[in-house]
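Each chain sits in its own coordinate frame; assemble them with the hints.
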Amino acid sequence: MAILELTEACKTYRIVQRQDGISGALKNLFVPRYRDIQAVKRISFAIEAGEMVGFIGPNGAGKSTTIKLLTGVLVPTSGRVQVLGLSPFKDRKRYVGRIGVVFGQRTQLWWDLPVSDTFDLLRKIYGVPPQTYRRNLELFDDILGLADFRHQLARQLSLGQRMRADIAAALLHDPELVFLDEPTIGLDIVAKDKIRGFMQHINAERGVTMLLTSHDMQDMERTCQRVIVIDKGALLYDGSVSGLASLSGSRRSLIVDFNVHTRCEPISGTELIQENALRARFSFDRGSMQVHELVSQVAKKYDIADMTIEEPSIESVVKTIFSAQQARL
Amino acid sequence: MKGAYIEIARKTLLEGLAFRVNTLIGILDTVILIAVNVAIWKAVYASTGTLQTVSLEDTITNTLFAIGISQAFWMDEYSIAHKIRTGAITNDILRPMHFGGMILAADIGRAGYRLLVEFLPAFVICALLFGLSAPASALALPLFVLSMAMSFLVLHSIGLIMSYISFWYFNIFSFVTIKNAAVLVLSGAYIPYWFMPDWMMAFVRASPFQAIYSAPMSIWLGHVNGSSVLYGLAKQALWIVALQLCAQALWVLGRRKLAVNGG
Ligand SMILES: Nc1ncnc2c1ncn2[C@@H]1O[C@H](COP(=O)(O)OP(=O)(O)OP(=O)(O)O)[C@@H](O)[C@H]1O
Ligand SMILES: [Mg+2]
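Chains as they are written, first to last, in this note's numbering: chain R, 3 to 331; chain U, 9 to 271.
Please keep in mind that the hints were generated in silico from the structure rather than gathered at the bench. Just to be clear, a hint being listed does not mean it is correct.
Unchecked claim - Covered stretches of chain R (in silico footprint by chain U; criterion: 3 or more residues with CB under 8 Å from a CB of chain U, positions within the stretch not fixed):
1) 71-81
2) 93-107
3) 111-122
4) 125-132
What the hints assert, rightly or not - Derived DSSO-like pairs (lysine-lysine); straight-line CA-CA distance at most 30 Å:
5) R/Lys234 / U/Lys265
6) R/Lys92 / U/Lys50
7) U/Lys50 / U/Lys187
8) R/Lys29 / R/Lys92
9) U/Lys50 / U/Lys265
10) R/Lys43 / U/Lys91
11) U/Lys91 / U/Lys187
12) R/Lys95 / U/Lys19
13) R/Lys43 / U/Lys265
14) R/Lys43 / R/Lys126
15) R/Lys95 / U/Lys50
16) R/Lys29 / U/Lys265
17) U/Lys243 / U/Lys187
18) U/Lys10 / U/Lys91
19) U/Lys10 / R/Lys126
20) R/Lys95 / U/Lys91
Backbone N, C-alpha and C define an ideal beta-carbon position, used for all residues, glycine too.
Just chain U, same shape as in the assembly (with noise of 0.2 Å):
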């Protein structure tokens, strides 16, 4: 049984390794996204020069890991849609299996495939090209690995509840694109969390926004130290169990709708 979840992980991965195209394709555009970004924030710092708190190179690292891993962990609500909608949800619901579990496996898959063949080259260019700051400390790095893995985990259950939306409502375009918005201006990625004003961090600090890459990156630069470190996983840790409850209870609900309307 658990080899069934690695399986489709494990298939889902080397379905991305097939189109070799896409590959060259997603690494370009890793590298093009976080160059012009990179461009962007070198003309900020430019103009306002020793007024920033957090050097330039600090921001590039952010902008190279941040939207780099960005491009990866990207969640395929719509096709979980498509399915319910169609009907040929009826499959997955007829396997001893839990659908929750399953698009787990997928996602891991994906973003594995992603991460290694897209991700890692468009690294590698990126960190030549523009530097990069160490890891804040030796300990740092695996935490970072931890935190990002969970930042994963935060964003797939997010996913999860959007997708859940469509058993109720068909087009669920309108939320999935408010929800990636959100993630992309909240999560840190485009707008490192130093560059925002209170008003929005107080917000964001309430949400499970921080939980996605603010996290991992104060655990890299050094931005968090000793016992807020652990506060920081522990927070991300509760956002995930409260999110998975919550399409937990979606995916029950939903399926008795599917089941008492017509499958």
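With the rest of the complex left out, here is chain R (with noise of 0.2 Å):
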């Protein structure tokens, strides 16, 4: 039974368009003139108990807005909104109860607190029994290691550190049900791989239901099966992690450092795409080339610095699957 829906759901700001220079600026004070962004347009998907979701796209694409939509923070332009069996908007209280947010880009922590200081408040706010809460923290400073940093106040910690305590924050209460708006911004690899860890670990063991918002394909493909696309406001892919992977295409690139200065032969099966004295981009299918084969081989040849796998991004996969579609029509 799916647990949250959206129905043809749209989302239009309205902003004020500045006027240039004082002639403007009076204008604007007795006829301001609007501008409508449609930040989201006609978007229904539903998610089941227990899922797990990516929702990706690029920058301005509408990801956070469908959160906002979604926690009740926004209220839909025209369309419906129904999670939990509520309202997230009008049932307010209730509803926020049962989730939890994380906005990455912004901290849920008392500022002025010690970290331990702010669980507490949450512990208070939401009635968490105690046992509840001894189990969680004690789960929470196993996997994402907060004991070392639970007494230093929310502005002393380091990025990672802050993520780490709110996306903790935001599970103290045992929520059904969690949204996470880039929970891994600006982390290091370490840091992305504890929180992947993490969210895998809550999901599977405790049957939570997610969905998260992404730069970075990685953690799709190291956290969910399945994958929510738009772009410019609109759905452009629901499925599977592996079906968006074969839309996205199977080509590659190699990058490879060299100490000294190198000229490349081609390599067959590759495609030598971008060469300069201590580098060089090959691009491969890695349906028809096996990583490791090509690595030893350009490995054996020349006298190497550094090799990278670069996968494609977020925006080269929504590029893909635009044309793709445009192709369709």
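Printed below as a string of structure tokens:
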């Protein structure tokens, strides 16, 4: 049964169009001109209990807006939002007690309090029973390593620590459904991995339903079974991660950095798409070329400082899906 | 749930205690403010003498209480306005709590801290220096405390309304400044109501300002008796209800506006 349903949801922001100069400012005062921004255009999807869904799209696609509709911060201009059998905006107090929300760009921790005090306050706000609270704290210490900085003030935390504390704060009251808007933004690989592991654990062990946005394709591949792609406010794709990967093509790039100036020879099955004295970029098809084969070939031939495999970015994935759809029409 | 509001009040109170230097400055500030005003009233009484209907001692008592406590009953409109402007209010919207209740809890915590740590010492110092009239009767004391608590709620409600204006106007500075000036002049702290000209009194009686310091002070000084005490308290209560209803309406409209225009 779907616990979250978005039906033909639209969100149009209305902003005052600024006019330049003094005469413009006067005009603004008396006859303001408005401009409408359609951030979300007739989006529909449903999420079942226990799912872990990724929500991706380029900057300005409307992801955060959709999350705000789902959490009841915003009301849809038209269409319907129904989550946990409630209307998030209208039933705010009843609804928000049952969900957890993380906005990666903005902390929900009390800035001047130690993290532990924020947790204590949240425990009272949500009426978390003592044994649940203790059990959760132990889990957070285990997986997120909160114990190291639990007694520091929120404003004294590093970005990665703050994010971990924020995620813990959103899960303290055992919410049924959790929204995470860019929970890995600005984090290094180690921190990202910790957070991914934690989200997977919570989803798998506790059956908590999750919707998360990210600009990192790896977040999706590592944690989600299903992804929803939007661009310019419209739904582009809703399906499995592997389906998305096949749609987005299997071409990858291998970037090779040399220790000495090197001229590369072509390697069969790859295309040399960029070359200068110290760096070369090979494009290859993951389907027909094994990565480790290619790597060992290159490593045998040249004096190599470093190699990286480049995954397609969300932007390029969206571009491919978009042109594939255009072609079908 | 109820524990959460108490906890917020407690946290705000403790936050205040963390800044010791501020505390000392706060005490000094209040003492100086009271001393200056007492000096002014002494000068006024010296030049007009027995013309006054209310004794110098009562006027000084009014100054000690009303000005001292007005330093403690200072609402923080700007931090809510800041939250609304920056969108940080999203965090509060996502809590299963009544927003006005959260602000009330924080205001109580702050006022509690200032009363205990700043007003009380300043009051004792000033009472020793300048003297004080005793409460009009044994019953006047608890009624005074009750009435002062309602004064706090009136100020809190007005502050809430001011903060909510920022849903529509980014800069509430001018609104708050006008409000603060009005409270200063009309609440009975700096100008006791027995010094107000009749036309001004007529206006004050019809405004929520009378429900601020005039109400508790007239109980302490025995300027009202019997049923008019109850009448004064009832009037305060009515103002609180009216202002709270107004604030709640602004909150509902404001949140709607935020939700429609973009959070
Ligand atoms: N409060 C607002 N008022 C007006 N327009 C807004 C507001 N918030 C967002 N927008 C506009 O709505 C569109 C969608 O924004 P949104 O923040 O939902 O995108 P996003 O997918 O979260 O992007 P990002 O990946 O950069 O976070 C953008 O064009 C943005 O400029
Ligand atoms: Mg966003």
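Now the hints, each set against the structure:
no.	hint	result
1	71-81	holds (count 6)
2	93-107	holds (count 7)
3	111-122	holds (count 5)
4	125-132	holds (count 4)
5	R/Lys234 / U/Lys265	holds, 24 Å
6	R/Lys92 / U/Lys50	violated, 59 Å
7	U/Lys50 / U/Lys187	holds, 29 Å
8	R/Lys29 / R/Lys92	violated, 36 Å
9	U/Lys50 / U/Lys265	violated, 52 Å
10	R/Lys43 / U/Lys91	holds, 29 Å
11	U/Lys91 / U/Lys187	holds, 20 Å
12	R/Lys95 / U/Lys19	holds, 22 Å
13	R/Lys43 / U/Lys265	holds, 20 Å
14	R/Lys43 / R/Lys126	violated, 39 Å
15	R/Lys95 / U/Lys50	violated, 55 Å
16	R/Lys29 / U/Lys265	holds, 23 Å
17	U/Lys243 / U/Lys187	holds, 20 Å
18	U/Lys10 / U/Lys91	holds, 24 Å
19	U/Lys10 / R/Lys126	holds, 8 Å
20	R/Lys95 / U/Lys91	holds, 19 Å
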